[in-house]
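Protein chains: 2
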Amino acid sequence: MNFSTQYNKYKNIIDKRLSQVTIYRKPNSVYFPIKYILEGTGKRIRPVITMLACESVCGKNNKSIFAATAVEMLHTFTLVHDDVMDNSSTRRGRKTVHKKWDVNTAILVGDEIIALSYKELLKTSSKNIESILKVFTNGIVKVCEGQALDKEFELRKNVILPEYIKMIDMKTGSMVSSAAEIGGIIGGGNSKEILALRKFGESIGRAFQIQDDLLDAISTKKTFGKEVGNDIISGKKTFLLLHAIKKAKGKDYQLLKSVINKNGTSGKNINKVKEIYKRLGIIEIALKAVKNEISIACRHLNKLPASKSREMLFWFASTLLQRKF
Amino acid sequence: MNFSTQYNKYKNIIDKRLSQVTIYRKPNSVYFPIKYILEGTGKRIRPVITMLACESVCGKNNKSIFAATAVEMLHTFTLVHDDVMDNSSTRRGRKTVHKKWDVNTAILVGDEIIALSYKELLKTSSKNIESILKVFTNGIVKVCEGQALDKEFELRKNVILPEYIKMIDMKTGSMVSSAAEIGGIIGGGNSKEILALRKFGESIGRAFQIQDDLLDAISTKKTFGKEVGNDIISGKKTFLLLHAIKKAKGKDYQLLKSVINKNGTSGKNINKVKEIYKRLGIIEIALKAVKNEISIACRHLNKLPASKSREMLFWFASTLLQRKF
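First to last, the sequence lines map onto chains A and B.
Heads up: the first sequence runs through residues 0 to 324, numbered per numbering that gives the first Met the number 0.
Heads up: the second sequence runs through residues 0 to 324, numbered per numbering that gives the first Met the number 0.
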């Protein structure tokens with residue numbers, strides 16, 4: 000069985016479980032939208048990492064299904080509330096919850112998903128359930144703090160790169176690292192293995208986010224699955240923009256500075272900004288940063304015993320580089 | 000020391016702890032509003048119940064401080080998000096979070112408070128931490144389901160009394176009963192005592208909500224601390240209105256029905272509706288229901304060993320009847 004088929008096997012386990020968590024629950028006004036968002040398409044990256052992390056330290060993946068599902072639910076809650084805060088209309092090709100229903104429903108749906116994710120996590124049978132809950136909880140605390148920083152950055156003109164890295168580590172990285180760490184704990188890993196898995200998750204999370212920034216500048220709508228150049232139009236202080244503003248001079252600097260100062264720019268400037276990114280070598284810098292994080296992630300994996308699941312995690316890390324969407 | 004002084008002693012412990020949970024935490028964009036809302040005035044009913052419940056089964060109240068604080072935090076999260084959903088401007092005499100800041104901040108603040116409440120709860124040292132977490136989590140699930148029902152009822156014209164009771168049991172009762180149950184578990188109560196505390200909380204929660212409905216119809220602005228008659232103006236399907244519509248005939252029925260059908264009425268009808276409540280004996284019915292729930296609550300307390308804390312819980316239940324705000 001190749002890695003991709005194997006990945007889908009894990010993904011299907013999560014999809015199946017996600018369709019079970021709301022069954023028979025009422026009232027419909029909150030559970031219909033919860034079903035809608037939990038059963039939508041999703042790559043299920045975080046829960047698959049949890050299951051693989053569990054296996055990689057000699058645990059059985061079925062021990063981690065509830066925790067993995069909880070991790071995906073928690074991720075879904077952040078999407079629902081972030082979409083309200085960003086006033087986004089679509090998510091994974093479908094209407095966002097607050098557009099299909101309304102803002103009040105989306106708020107309540109997010110809240111209820113948090114509670115249900117704890118309910119799911121608490122189904123885990125592990126003598127270390129307390130540690131698992133602490134890691135999970137710290138993950139949410141960090142995600143919210145990261146979201147707060149992200150929102151602060153929208154209003155600030157002077158964000159610098161280390162601040163940005165800190166923000167994505169919190170907003171994206173913390174749940175990926177928690178996902179991996181929780182899998183390691185459930186699998187019965189020793190403290191070094193668990194730390195290695197956590198560090199693996201941190202680097203994967205960071206690589207994923209920088210790749211996301213990169214794709215907005217180099218992908219096409221067809222492969223990206225959504226409009227490209229959106230980050231430029233909205234003046235988002237991405238890895239690329241923050242790097243470019245450090246290097247740019249003269250007219251280049253003026254244009255990038257105006258994108259930041261005016262919180263965005265018109266669509267006709269997308270290509271100009273992209274051209275600056277290319278000319279200043281920003282695309283290569285970002286690509287190198289992604290590769291670097293992935294190689295750090297893999298170095299951490301090397302601390303785990305050799306196994307099929309570790310191979311899967313290696314494969315998974317390397318596929319990030321080929322990610323087009 | 001009299002009961003009231005004693006109550007304030009417990010309340011002060013919670014107030015102090017609430018001021019500590021956010022200390023040194025950043026970013027300010029989320030923690031300033033969290034401090035604002037956690038450190039506002041509040042009766043701290045739920046956490047005091049947790050501490051008394053713990054003591055009443057021979058536990059020490061300092062064992063339950065973290066859990067009690069977590070319970071109050073969870074209650075505060077529901078206030079912040081409910082205020083957004085109801086678009087309320089004031090809470091406990093001050094601006095609501097979404098009015099003082101904005102809706103996005105209020106959403107994030109609520110989310111972060113949920114996470115912090117789990118963090119606080121997880122500080123509890125108890126061999127039964129898993130049960131405690133399950134009770135706490137089920138509490139949130141029920142609160143959200145209750146809120147969903149409450150919002151559904153706003154749109155429905157045919158809500159009946161048993162549905163209303165179910166809704167308040169979920170929205171108000173579930174956190175009060177969880178608060179009492181968690182205290183009982185931490186205190187090391189046996190299963191009968193823990194169940195008695197849970198049932199005590201359920202009845203107290205129900206009594207509290209019916210009393211709330213009652214005060215809106217019989218209190219004065221000065222003692223109630225907010226406008227009275229608001230439920231009538233907004234056509235809220237309260238214990239009183241749902242009872243009255245069952246009993247009313249002729250013109251009375253027409254007026255009450257129009258309050259329900261039009262989702263409210265003008266201020267000039269407040270006194271007419273109040274007059275109907277009086278004439279049909281609805282005020283007495285509500286008062287009797289509150290008394291009945293309080294006596295059920297006290298019967299459950301009788302299953303606990305006699306102690307100072309149980310006396311405090313008896314006193315607390317009886318003061319509900321004298322509650323004016």
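Hints in this document: simulated from the structure, not taken from any laboratory.
Just so you know, these numbers come straight off a predicted model, no measurement behind them.
Don't take every hint at face value.
Copies of the same chain look alike in the list, so a pair counts if it works inside one copy or between any two.
Said to hold, decoys possible - Only pairs whose alpha carbons sit at most 20 Å apart, straight line, appear in this in silico EDC-like list of lysine to aspartate or glutamate: (1) K156 with E283; (2) K267 with E226; (3) K307 with D101; (4) K34 with E153; (5) K126 with E310; (6) K302 with E38; (7) K62 with E129; (8) K34 with E151; (9) K98 with D85; (10) K302 with E151; (11) K118 with E129; (12) K98 with E151; (13) K156 with E310; (14) K122 with E153.
Taking the hints in turn, this is what the structure says about them:
In this assembly of identical chains, K156 and E283 lie within 20 Å of each other by CA distance neither inside one copy nor across copies; the values are 25 Å within and 62 Å between. In this assembly of identical chains, K267 and E226 lie within 20 Å of each other by CA distance solely inside one copy; the values are 14 Å within and 54 Å between copies. In this assembly of identical chains, the alpha carbons of K307 and D101 never lie at most 20 Å apart, being 45 Å within a copy and 49 Å across copies at closest. Taking identical chains as interchangeable, the C-alpha atoms of K34 and E153 are never at most 20 Å apart, the minima being 32 Å within one chain and 23 Å between chains.
In this assembly of identical chains, the alpha carbons of K126 and E310 never lie at most 20 Å apart, being 28 Å within a copy and 38 Å across copies at closest. Within a single copy, K302 and E38 get their C-alpha atoms no closer than 35 Å, and across copies no closer than 46 Å, so neither meets the 20 Å cut-off. Proximity of K62 and E129 under a CA criterion of 20 Å is satisfied in both settings, with 16 Å inside one chain copy and 17 Å between copies. Only between protomers do K34 and E151 lie at most 20 Å apart by alpha-carbon distance; the minimum there is 18 Å, versus 32 Å within a single protomer.
With identical chains, the CA atoms of K98 and D85 are at most 20 Å apart both within one copy (12 Å) and between copies (19 Å). In the homo-oligomer, the alpha carbons of K302 and E151 never lie at most 20 Å apart, since the shortest distance is 38 Å inside one protomer and 53 Å across protomers. Taking the shortest alpha-carbon separations for K118 and E129, both the intra-copy value of 14 Å and the inter-copy value of 11 Å come in at or below 20 Å. Only between protomers do K98 and E151 lie at most 20 Å apart by alpha-carbon distance; the minimum there is 18 Å, versus 24 Å within a single protomer.
For the homomeric pair K156 and E310, neither the shortest alpha-carbon distance inside one copy (43 Å) nor that between copies (60 Å) is at most 20 Å. Taking the shortest Cα distances, K122 and E153 never come within 20 Å of each other, neither inside one copy (39 Å) nor across copies (35 Å).
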